[in-house]
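J.: Residues per chain are reported as follows:
There are 2 protein chains.
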Amino acid sequence: MINLGILISGRGSNMEAILKSIKKGKVPIKPVVVLSNKPDAKGIKIAQKLGVKTEIIESAGIKGGNWDYDRKIVSVLEKYGVTPRNGLVCLAGFMRIMSPEFIRHFKGRIMNIHPAILPSFPGLHSQKQAVDYGVKYSGCTVHFVDEGVDTGPIILQAVVQVKDNDTEKSLSEKILAKEHEIYPKAVKLFAEGKIKVKGRKIVIS
Amino acid sequence: MINLGILISGRGSNMEAILKSIKKGKVPIKPVVVLSNKPDAKGIKIAQKLGVKTEIIESAGIKGGNWDYDRKIVSVLEKYGVTPRNGLVCLAGFMRIMSPEFIRHFKGRIMNIHPAILPSFPGLHSQKQAVDYGVKYSGCTVHFVDEGVDTGPIILQAVVQVKDNDTEKSLSEKILAKEHEIYPKAVKLFAEGKIKVKGRKIVIS
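Going down the list, the protein sequences come from chains A and B.
If you read the first sequence in our numbering, its first letter stands for residue 1, the second for the next number, and so on.
If you read the second sequence in our numbering, its first letter stands for residue 1, the second for the next number, and so on.
Please note: incorrect hints may appear among the correct ones.
Copies of the same chain look alike in the list, so a pair counts if it fits in one copy or across any two.
Subject to a maximum C-alpha distance of 30 Å in a straight line, what follows is the list of computed DSSO-like cross-link-like pairs (lysine-lysine) [stated by the list, open to error]:
#1 K79 / K196
#2 K198 / K163
#3 K53 / K79
#4 K128 / K185
#5 K196 / K163
#6 K198 / K169
#7 K194 / K128
#8 K185 / K163
#9 K174 / K163
#10 K128 / K201
#11 K201 / K174
#12 K128 / K178
#13 K128 / K163
#14 K163 / K178
#15 K178 / K26
#16 K128 / K198
#17 K178 / K198
#18 K174 / K185
#19 K196 / K169
#20 K26 / K163
#21 K38 / K24
#22 K163 / K24
#23 K201 / K178
#24 K174 / K194
#25 K107 / K38
#26 K24 / K79
#27 K163 / K107
No wet-lab data here; the hints were simulated from the structure.
Put together the whole structure using the sequences plus the hints.
T.: Spelled out as C-alpha cells, the structure:
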C-alpha cells in the first residue's frame, strides 16, 4: 500500500479531486497527510472534512529551493509514512520551488500537474501565456518532478480547445476541469504499479 | 480572386491536398504556380497532372535566407500574379529558410504547416522530438510565416494522440493525415477573407 502526502498552498482543488476519487474508487493508496506552507490555505479544512490529517509548515520569508525548509517537509511526510520506499508526494498548487535535495530524496515519487500541454508554456501563468500566444489547443500535464522547471517525464496529458473569445479565466476553468480528471487517474495508475519510467518516457502498462 | 503559389522541395503532399481540395470545393482561389527549388521534386509532376503550371528555381549551393535567391522566387510568383495585393504563398515542405526581405514582401500572405502543436517542438524533426520527449499528444499547426522559426500567428491546429508504441514514422503518418485536413481548410478561410490578424492572434470570422 502506498502512503500519499499532498502539498498545497491554497484551495487545493486538485487535492480535493484526488481525495474524493480515492474515497469512491478502489485505489490502493492511503492519503495520510495534507501539508500546507500557508496557515490560511483553504484546502486545510477541506482535507480535514475528508478525514485526512493536516500539517502546516509556515514558509513565509523562506525562499524556494531551500533544503533546510524542505527537510522539515521530509520529516513530517516520513512521520506519516510517506517514504522513498512506499510514498507518493503530490504537489497540488504548492507554490514553492522544491530543492534539488528534496527532489532526489523522493526521486520518481513526486508528481505535479501543470496547466499546459508541456513542453509548451512552462513556468507561471501558463493559461495567460497560451491565450496571448494564440494557440488553438491547450491543456494540462501530470508529470514526475525532476530538477528542471516543468521538465519531468510526462505521465498523462489532456487537451482542450481554445476558442477565439477565451480569456485567461475561461481557459483556466476549462483546463482545471481536465486537471481534476487526469491527476486522480495518474495517482491511481501509480498506486496500481502501472507506471514504468524508461529514460524520460513513461509507459503505462 | 486570390492567386495561389505553392513552394515545394519534394513530394509536396500538402500541395496535393490543397490543390485537390480547391478542385473539388468552391474555394475562391486560383492555384497559378507550383515552384520547386529542386529539379527532381516529385511534386512537380503531381502539380502538372492537376493542371497547375510549374517552375524550377534551382537552389543547390545557395544558403537559406538569401535575398538574391528569394528575389527570383518573387519575380516568378509575380509573373503569375501572386502579389502582395492578391496573392497567397503556401510553403509545402519547402526546405529553405526564407529571407527577412521575402517575408516582409509578402507579409501576412505566407503560410506554412508545422508537424507539432506549436510552440512545442519548433525546428526540424518535430515528430522525433515529440516521441523522444514522451508527450502524450502532438499534432500540427498552420501559421503565417514571420521572421522567427515557426513563431508566426497560428491559424489552425489539430491534435493527435501519441501512443506508447508510436515511433517517429508512425507519429509522422498520423500527423500528416491531419496536415492534409487543416492546411486546405486554412487556405479556404484565407480565400474567403475570414482570417483576421489581431497582433499575434488570429480570429476566424
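J.: Tell me, in ascending order, the numbers of any earlier hints that this structure violates.
T.: Per hint list: zero violations.
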